[in-house]
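Enquirer: Chain residues, written in single-letter form:
Number of protein chains: 2
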Amino acid sequence: MHIALDAMGGDHGSEELIAGALCAVKETGVRVSLVGEESLLNSHIETLAPDSKTAKLINIVHSSQVVGMNENPVNAIRKKKDASVMVAFDLVRRGEADAAVSAGNSGATMAAGIRKLGRLGGIARPGIASIFPTLKRPVVMMDIGANVDCKSLHLFQFAVMATAFSRINGVENPRVGLLTIGEETGKGNSLIKETYPLLEKSSLNFVGNVEGRDVFQGNIDVIVCDGFVGNICLKVSEGLAEAAMQMLGDEIKKSWRAKIGYLLARHAFKAFKKRVDYAEYGGAPLLGIDGVGIICHGKSTSHAIKNAILAAAQMAKGNINRDILDSLAVGNNVEHLEM
Amino acid sequence: MHIALDAMGGDHGSEELIAGALCAVKETGVRVSLVGEESLLNSHIETLAPDSKTAKLINIVHSSQVVGMNENPVNAIRKKKDASVMVAFDLVRRGEADAAVSAGNSGATMAAGIRKLGRLGGIARPGIASIFPTLKRPVVMMDIGANVDCKSLHLFQFAVMATAFSRINGVENPRVGLLTIGEETGKGNSLIKETYPLLEKSSLNFVGNVEGRDVFQGNIDVIVCDGFVGNICLKVSEGLAEAAMQMLGDEIKKSWRAKIGYLLARHAFKAFKKRVDYAEYGGAPLLGIDGVGIICHGKSTSHAIKNAILAAAQMAKGNINRDILDSLAVGNNVEHLEM
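Residue numbers (the numbering used here), protein chains in the order written: chain A, 477 to 815; chain B, 477 to 815.
It is worth saying that the hints were derived from the structure and are not from the lab.
Copies of the same chain look alike in the list, so a pair counts if it works inside one copy or between any two.
Straight line, CA to CA, 20 Å or less: simulated EDC-like cross-link-like pairs of lysine to aspartate or glutamate:
hint	residue 1	residue 2
1	Lys-556	Glu-513
2	Lys-750	Glu-727
3	Lys-532	Glu-513
4	Lys-775	Asp-690
5	Lys-749	Glu-718
6	Lys-663	Glu-547
7	Lys-612	Asp-726
8	Lys-775	Glu-659
9	Lys-557	Glu-547
Just so it is clear, the structure is predicted and the values come from calculations on it, not from any experiment.
The shape of chain A in the complex, shown without the other chains (with noise of 0.2 Å):
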C-alpha cells in the first residue's frame, strides 16, 4: 500500500505530519508520499528519520502551493493548481498512490478529492464520516459536516457507505440507525419521515430510529444524519467533553484532599482519555468518491496521522469502493429519486 500525505497542512507544522508517517512506515511496512515544499520536507526527514530503511519506504512529491485553514475551500482549489492537498489527490488519480491523507482545510480537502477522482457511481453526494467512542465498539456517523441541506436519497447512500466503511473496521453486519427525536416510527422531521422507508425496505441492517441519547451507549454500529445536525452533534459532543472535564477539574482543584485523589486516580483518567481520544480513530474518511481519501483534525497529532495512515491502506485495502457499489446494485439503488 503506497499513501499520498498532504504534509503541508494541519495546526502544528511540517514535522509531526512526517512524524506521523514514519511511525506508520516502521510500523507496518507501507509506502508514504509525503507531498509539499520539497526543501523543507527533506530537512524534516534528514532530522527525523536518519535510518537508510526507513527513508527508501518515503518519497518526496514537490508542490509549490498550500491552501491556507482559513481560506475559502472551493476558491482556493481552483485557483492554487499546485497545492499539496491538490497534488496528493493527483497521485491517487494517476495510481501512483492508494490513498491521500490530510489535515490541513477540511473543505478544500473534500473538494480537492471530489475534483480530482470524481464522484462513485451512482453516488449523489460525497459525504464525510465520522467515528465516535461508546461504551461497548465504536459508531460510524454520517454526514459529519459536507451535507447540510439533504434529501431523503443523500441519508439512504450514507447509510450504505457508512455501512461499507463499518465493516472494513472488522464489523460483521453493521446495525444502522436513523438519528431523530424519538424511537417509534414517524418521529422526526419531514426528512426522517422521507429516510425511513428507503432504509426499511433496502437490505441493508436497519434497525430503526435512534436517538441523540443513543449515539454513545453502542448498540448501533452506524448512525445515519444530515451534515447539519451532525456537525452539530460532533462539535457539542467535543464541547461537552472539554467543558466537563474543566469544570471537574476547576472542583478538583478546590480541595487539597480532592488533588491527591486526582494524583492516585490519574492512571484511570489517562485511560479514559485515550478511550474517547479522536487521536486513537485516524481520522474523518470521505466517502463516495471514486478512490479512498482521509480528512484529519487540524490539530492531529503524530499519533494520529499514523492512525489515518494505517486506516486509510485499510480502506483501500479492503476495496471499500467495491463494496460499496455492490450494495447499491443489490436492491439498495434508489436512482428513481431526485439527485
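Chain A is fixed; fit chain B onto it per the hints.
Expert: Below, chain B alone, put in the same frame as chain A:
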C-alpha cells in the same frame, strides 16, 4: 403567586411531586393547587405535611383522568378532558392559578397548554426552552423538541421568547447566538441563512452564528435552533455525560489506588454533578402560550419539582408574556413572513 401542579405525572409518583410542592410552599410561601385523584393526594398530604400552616397553602383540585407517559399526546388530550394536566391548565385559564407545572407526558403538557390557554398574540409556534449548564452562567436553548420542521419566522420568534426567559433569569441584555456549523456569516443550511438577516435586523442582542462547541462555553445567553436539532443536542449531551461518567467509573474500578483516589475526591465529583444537574434548573418552560407553563423531566425528583414551581412563579411574577409582546412590538415583528 399560585401554581397549579399536575400531581399525577412523572416517573416517581405523586408522593415525590407533593414533597416538591411542600418544599416550595415552606421556602417561599407560594400557594400550590395539586391536581389529581383527590383521595390519593389527600392521603399523601396527611403523611407528608402534618404541619397545618404548610397545609393551608396547599389545596387539592380533583381530576378523574391521567395521561400515560406513552400515550399519543394529541389523542389523549382530545379524549381525556378531565386529565390532571388539562385541569391544571384550566385553573390558569380561569385565573385561579398563575402558572401550571407538569412532569407527565411532555407532548400532552404542551398540547394541553396550547389547547387551554391558546397561543400568545403574534406567536406562530409555541416552543420549549431548556437551560444548559456552561463554564460560566447557564444558557437557554430554544426550541428543544416541540417544532421539528421550522421556518425562519419560527426561529426568529424562539429568539425573542428565549431572550425574555433569559431576562426573567436575571440576564440584563441576553446575547443571542444562532446555532450552526461555522462562525462565519453564510455558514449553515438554508434555514439558517434565511434566519440570520432577521436576527441581524432585530433589536435583539444578536452576536451571530455559534457552533456546537460554543454551547458549553458560556459566552452566549440564548441559543436558537429548530426543535429537531435542539432535541438531538439535548439528548446527545445527556447521553454523553452519562456514558462518560460510566466509562470513567469503569476505569476507576480497575484499581484500588484509583478507588481510594475517587473516595478522596468524591466531594469534587458531587459538586460537579450538582453543577450539571438538570434538577437545579427548574424544568423547561413552554413559551409562546397565553399563560405560563413548565414541563418537567419525567424523572424529576422533589428537588427538581420545587425548583420548577419557583421558576413558574418567577415567570408569572416577572410577566414574561408582556416582555415577549413588547419585544414583538418594537421592530421585532416579522408578520409579513409566512407563518
